[in-house]
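Trainee: These are the residues of each chain, in order.
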Amino acid sequence: MRIVNPSFGISATSAEKVTLKPVNWATDAIALVSNSKPNARELLAGIREKLGATRQIDNIDFLSKNSASQPAPADVLEKVAANYRGALLAIAD
Amino acid sequence: MKDIAEQEVIDIGDMDVEAFNDFAAEQGWSDGMPLYVPTEAKVAKFVDTVRGDNRPYPPVPPRQIVPTLQSMAANAVMAGCKPEYFPVVAAALRGVLDPEYNLHGTLATTHSCAPVVMVSGPIRHELGINCGSNCFGQGWRPNATIGRALGLMLLNIAGAKPGEMDRSTQGNPAKYTFCFGENEEENPWTPYHVQRGFAPSDSVVTVMSGEGPHNLNDHGSTTGDGLLTTFAGSMSTPGANTVYGKGPMLVIIGPEHAATLKRDGFTIESIREELFQRSRVHASRISKENQDTYTSTGHKPDGDWFTIGRSAADIHITVAGGPGKHSAFIPSFGGTTVASVRIAG
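So the protein sequences, as listed, match chains A and B.
Under my numbering, the first residue of the first sequence carries the number 1, and numbering increases by one thereafter.
Under my numbering, the first residue of the second sequence carries the number 1001, and numbering increases by one thereafter.
Just chain B, same shape as in the assembly (with noise of 0.2 Å):
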């Protein structure tokens, strides 16, 4: 008899879904929130959704294996999202693969990076994923149960399980689930996704590993220059992964922030520059030890200061939320990209 390990389809006899649960946390299939039952009849509907894609999905390190539509769909039931969202999870893991993106050691970081999932194009709306107020937060089933989709992924065919592939120190709540729509129609520049090369009636789903979202909180500022400096010394941080200057970082602004910016003649380019050079950490603020590290693993100061990340390209920036005078910084796991993916279908 095959290992339960070894075997797609397993026969649980008859169970409730307390009882499943109890079975699913002694496999360790489980985030610690309830999951629902992945059914054969369940996980065929999703499976549904994705035919046509036949591209092969690459094995997924840590566990080097190749996860079946079946086995990926069992995570997206389990995480409680409707069918219909499967293509959004599907394509999520497609981007998480990026070589660039570098899963491996994502995922077994002392770090407390999660994937960050963000949605672009027409989807957002035909799924009912929140842009908008509080798009970070709790209140829309899609939000929440694709990014939670994506992190059972992770944990039960990557294999990052807490405390032993997955090395995190102190974790992140988003390794729950961070999932959020753009906010395109407050977006006084252009779509995120447009940004990459994407067509605007193209559905794209892009991730990256990121910490969670630090608030950019200016209710003062009535310029955008004004804005600027406080989103700057807020990104000017000697603490996080970014002043290795190693890997890219996510600029969520919020759409009255934007609108303030777009007024006072800001574009995208200019808003990446003058955040770039402003936000530099002085070494001062750097002990002298971590300066030696830095230094010797060739991220070195220009003059007195260390800049955060390679170049003001690796500064993503676009708008989500709503009303409200908040933006966010996301910094990354630092080895890593911002990889976005065209949603199939």
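Chain A extracted, bound-state conformation (with noise of 0.2 Å):
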């Protein structure tokens, strides 16, 4: 017997893979990004703090998506990639 598969569609993501450079996460700018819920900066203001231990922290931020609801809005995502190496998301539930 031949049935159709619901699962079947056709992918919309490109193959094409993309080549992150490296980074340092001793010394590099990082994002600290909420998810805007309740205790997500208080969760990334205790990773800041722990970083303070062991590198300089006056690169590391905070930004946060404007809703808890909704994607994070291309400014938002556009300031991360053109501002920093690296990200660290907080999704408090």
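Everything labelled a hint here was simulated from the structure, so no lab data went into it.
Only a predicted model underlies this, so the values are computations on that prediction, with no experimental measurement involved.
Hints are supplied without guarantee of correctness; some may be wrong.
Capping the alpha-carbon separation at 20 Å, the derived lysine-lysine pairs in PhoX-like fashion look like this [what the hints assert, rightly or not]:
| no. | chain 1 | residue 1 | chain 2 | residue 2 |
| --- | --- | --- | --- | --- |
| 1 | B | Lys1300 | A | Lys65 |
| 2 | B | Lys1300 | A | Lys37 |
| 3 | A | Lys21 | A | Lys79 |
Rough simulated footprint, nothing fancy, chain B against chain A, three-plus residues with beta-carbon under 8 Å [unchecked claim]:
| no. | region |
| --- | --- |
| 4 | 1-11 |
| 5 | 69-76 |
Cβ atoms here follow ideal geometry from the backbone N, Cα and C, with glycine treated the same way.
Got two chains here, separate frames each, mind docking them using the hints?
Mentor: This is the structure in structure tokens:
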């Protein structure tokens, strides 16, 4: 018996691989991005404080989505891409 | 040899229905209830009902694949739809793919939301969709299976597997199915799809990512004003996402309540305004921590009151159901929209 696969679809994502430059977590600028749920900022603040024990933290910044229920807006993503080499996301819930 | 996920048509050998259901469960295709077998021949009958609607479907998030009519129809077959229901199912998928619907967010959230499907226009009667007594409940095949087909598409095409991509804390029985028809015949105002700019002769499906229906019981009030006091008091709830004030909601008025409101001169617009004003939540009913969160994310109170929704326009109103003194409030996920799509054909 032949059936149609209910999960079949054509992939919309490109097979092209993006080459990432290595991140030096000891010195590079890092974005701490909150999903805007309660306590996400607190979680990130704790990480930033702990990183302060081993590296300079004046180039580690907090960013956030403007809504927990919506995707990150393009300007936030562009800001992260333009200004930081690494990003840590806090998905608090 | 291709992986099963990459094959549009799969030869499963000789399987009876029970064996197919075991196979489907292993593949992760099941919502837990028995499925019909999506044979090529059955699927072809469904696809034939939407020939002529050649608008492409965008990639379906979160999985980001473009479905084929065959794979969409396979889900409708498995749900138990008749072929003639498929144009409604296909239009409902277009609705949840409206970017403002925020399909990824509504499927991945810990909130309990599920797609609420409302059908308007002549197709309600052509398909026998229940718009009257028990319209949110059991007993009508199109109501049961159209909503289920959309749920299966979101599972199998979108990839909303419970506990994996679908992170809902408790879920919601509406994740199995939630489809009903407007009771246009007992609506003393304008049918919902006409409110949205469609012609009365159009058949339209409307989708919103919502909670289950919250009952609005009022047997005692004999005036429209009294009914709105009950409605607003029930909508004024600090535990629904609407208290964030960022999204739409449905108020589905029962025909008897609608007749009273109409008799007392209320219109859709005036009901909306009254409910928006009267359903504000007093700050004393919201924890200090939540007040701080809402305020810091842009939802500032009006004095000591938090509004539900951004404006009265977030309250979408129509009539459904049968005899009895009940109506329903259906809050949404919040960061979503109410999307209406004309059903092709």
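Trainee: Each hint: holds or not?
Mentor: The hints, checked one at a time:
Restraint check: the Cα-Cα separation between B:Lys1300 and A:Lys65 comes to about 18 Å, which is no more than 20 Å; the hinted pair holds. Restraint check for B:Lys1300 and A:Lys37: satisfied, since their Cα atoms lie roughly 17 Å apart, inside the 20 Å limit. For the proposed pair A:Lys21 and A:Lys79, the alpha carbon gap of about 17 Å is at most 20 Å, so the pair holds. Remark: the region 1-11 of chain A is confirmed as covered by chain B, as 11 of its residues place a Cβ nearer than 8 Å to a Cβ of that chain, reaching the required three.
Coverage of the region 69-76 of chain A by chain B holds. Counting CB-CB distances below 8 Å, 3 residues qualify, and the rule asks for three or more.
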